[in-house]
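Participant: One-letter residues, chain by chain:
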Amino acid sequence: MIQTLVNGLLLGGLYTVIALGLSLVFGVMRLVNLAHGELLMVGAYGVFFVTVTLGLDVDPFLALVLVAPALALLAYGVQRLLLTPLLRHGLEPPLVGAFGLSLLIQALLTKAYSGDARSLDASYAASGFELAGIDFRVIYVIAFGLGIGLVWGTRQVLVRTEIGRALRAAASDAETAATMGINVRNVYGIAFAAGALMAAIGGVIIGVAFSITPTTGSTYLVKGFAVVVLGGIGSIGGTLAGGMAVGLAESIGAEAFGGEYADLVVYLLLVAILAVRPTGLFGRAVTQ
Amino acid sequence: MSGGVAAVRRFGWAPLTAAALVAVLTGPSWLDPAQQNTWFTIFTLLALAQAWNLIGGLGGQFSLGNAAFVGAGAYLVGVLLVHTGISWWPAVLLGGLFAAGAAVLVAFPLFRLRGIYFAIGSLAISLAALSWMSNWEFTGATKGLNLPLGEVPLPEELFKAAGVVAILSTLLVYLVLRSRFGLRLMAIRDDEDAATGVGVRGTALKFVAFALSAFVCGITGALMAGQAISIQPSAMFGLPLTTDMIVMTIVGGIGTTAGPVIGVFVVYYLIERQLESDASLSALLTGLLLIVVIRMAPGGIVALLKLGLQQVVDRVRQREVPAP
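Line by line, the protein sequences are chains A and B.
Each number in the working numbering corresponds to the 1-based position in the first sequence with 7 added.
Each number in the working numbering corresponds to the 1-based position in the second sequence with 291 added.
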């Protein structure tokens, strides 16, 4: 039982990392990025490109140092050229645009790497250790650490830096922020780029801990969304709580019903939460 | 005289529909089996696109979950044929009704949601259905079911059925667009708060649209099962189906009758068929097309055609006016 709970919490770290980008983008520009799952995959495949296609035998997370900024830059471009202009046209065009983006990315990845499942090689990918009678998987512990670290880091940036203030201003009232000299389009681009960066990290964790295909993204989009909804829209600390909750739910669900049904438990949890309390545990009320 | 014009306006769709039905029902006599197969696919895609058009276009709810209803219809038919004595056509009808029923059930948690919440909620339902069906031993899990060959009609019959379903679902969209139900539904789509303010009950309307959409998806899924004989969750509950429905409708012209028709032709015939050997290239072009359309011409090809037509009409009118 303790093992299940520990697994759940550690897994929660991964889900926090995955959801953080989603939560940030939604908080700042009210856009739930339907292509977020694909951004995770791009991060993972990007590292795959560096380590396998280019043949650089480095640790995936190290390769990420090269890959993540490139992805963030691309994401910035996509946001400014495609998504921000669509935000002005109502609620559906950004959805459709992100959807189209997700299709495009899936197709590109399939073209480049086929639909076969792959994973990222790391010396610690399968290793674990034992502490007080409980088994810990190294990659899970790393994910947990990253989850907490990124949440803390994001909060620091949002609260203590100038760009963070700009992000928060744009999030709370974009028009007024613009009148105060904040380049809102630039801020949106940065938020999206940051989201993509964190998605890349999440993708690498998934690639090391499990396996990836070009279409694996959708599952994580839904799980990420479950985290965001549970934790409350726009609440960074809530994302951590939500991540833990989803991780625990999946872990307990796997223990109770079998591993094949673990995902199903999370999907149904999301639907249940949406039905009952779309505002989540910590968030403010939203009608959209 | 005016009575006649009014009659044409009310029932002008009848001759075209009748002609289309005749063409489809006599199809096997002037189309060879390979062509019938192609048209079967076109018909099923069109029916599915119109089904999505109902909920996504007219209803304004971006549903990512319609594949679940296709699969529901397909699998119900499979299960009924394998395990009961119910024959093909009643089973198909039951498949549609089952899908509609599932939609009503699913609508309860989803319909207080709007926009992205509904989209991802419906995606979760679709993924949940896929996940469940991939593990359920009763329906063969990932290996799926095989429909008993003796119960399934000939390809020609399926071709005709698919054609009829495609025509009727297009007609359904056409009629809904011009009905009071449709007007109210679109009012909800365009501004739910304002519409509710004048007494339009959004939730009930969306339920109905969703159920209709699911019904068409279920019937189509049943027909697809009949054609495939061997069905698996990945094909019948898979996201590519949902993707196709959405892309074809939006590229063609969301919320219009002709949109899905054009969309199916452009996306399936021009892209997917031509690039059959390179599936990811065609997927790439499709995704790109969707992005270009939503960015440049959100109304789809239909809107572009209307715009073009308008410009032609304007230019003609300009020439009729004598220069000062």
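Hint data in this document are derived by calculation from the structure and do not stem from the laboratory.
Each residue gets a CB set at the ideal place from its N, CA and C atoms; glycine is no exception.
A couple of the hints might just be wrong.
To be verified - Label-pair ranges, simulated between beta-carbon atoms:
id, chain 1, residue 1, chain 2, residue 2, range
1, A, Leu61, B, Arg469, 53 to 63 Å
2, A, Ile141, B, Ala495, 45 to 55 Å
3, A, Thr60, B, Leu572, 51 to 61 Å
4, B, Val489, A, Gly97, 38 to 48 Å
5, A, Glu262, B, Glu448, 27 to 37 Å
6, B, Leu445, A, Arg192, 28 to 38 Å
7, B, Ser470, A, Lys118, 42 to 52 Å
8, B, Leu474, A, Ala185, 49 to 59 Å
9, A, Leu61, B, Gln565, 53 to 63 Å
10, A, Phe217, B, Gly392, 28 to 38 Å
11, A, Met187, B, Thr487, 31 to 41 Å
As the list claims (entries may be wrong) - Among the chain B residues that face chain A by a calculated CB cut under 7 Å, a handful are:
id, residue
12, Phe353
13, Gly412
14, Leu418
15, Val489
16, Val491
17, Val607
Participant: Would you say the C-beta atoms of isoleucine 141 of chain A and alanine 495 of chain B sit inside 45 to 55 Å of each other?
Facilitator: Cβ of isoleucine 141 of chain A to Cβ of alanine 495 of chain B: about 52 Å, so the range 45 to 55 Å holds.
Participant: State, for the Cβ atoms of threonine 60 of chain A and leucine 572 of chain B, whether the hinted interval 51 to 61 Å holds or is violated.
Facilitator: 20 Å, violated
Participant: For the hint on valine 489 of chain B, does the least C-beta distance to chain A fall short of 7 Å?
Facilitator: 19 Å, violated
Participant: For the restraint on leucine 418 of chain B, tell me whether the closest CB of chain A is nearer than 7 Å.
Facilitator: Check passed: Cβ of leucine 418 of chain B comes within 5 Å of chain A, closer than 7 Å.
Participant: Within 27 to 37 Å: is that where the Cβ-Cβ distance between glutamate 262 of chain A and glutamate 448 of chain B falls?
Facilitator: 49 Å, violated
Participant: Checking hints one by one. Is valine 491 of chain B an interface residue toward chain A, by the C-beta closer than 7 Å rule?
Facilitator: 17 Å, violated
Participant: Given a hinted range of 53 to 63 Å, is it respected by the beta-carbon distance of leucine 61 of chain A and glutamine 565 of chain B?
Facilitator: Between leucine 61 of chain A and glutamine 565 of chain B, where Cβ atoms are some 34 Å apart, the hint is violated.
Participant: Could you see if the CB distance from serine 470 of chain B to lysine 118 of chain A stays within 42 to 52 Å?
Facilitator: 44 Å, holds
Participant: Given the hint of 53 to 63 Å, check if leucine 61 of chain A and arginine 469 of chain B actually sit that far apart at their C-beta atoms.
Facilitator: 59 Å, holds
Participant: Do the Cβ positions of methionine 187 of chain A and threonine 487 of chain B conform to the proposed distance bound of 31 to 41 Å?
Facilitator: With a Cβ separation near 36 Å, methionine 187 of chain A and threonine 487 of chain B satisfy 31 to 41 Å, so the hint holds.
Participant: For the pair leucine 474 of chain B and alanine 185 of chain A, does the Cβ-Cβ distance stay inside 49 to 59 Å?
Facilitator: Violated - the Cβ-Cβ distance for leucine 474 of chain B and alanine 185 of chain A, about 38 Å, lies outside 49 to 59 Å.
Participant: Grab the minimum C-beta distance from valine 607 of chain B to chain A and call the hint holds if it beats 7 Å, violated otherwise.
Facilitator: Violated. Min distance 31 Å.
Going down the numbered hints, you'll see the structure goes against 3, 4, 5, 6, 8, 9, 15, 16 and 17, while the others check out.
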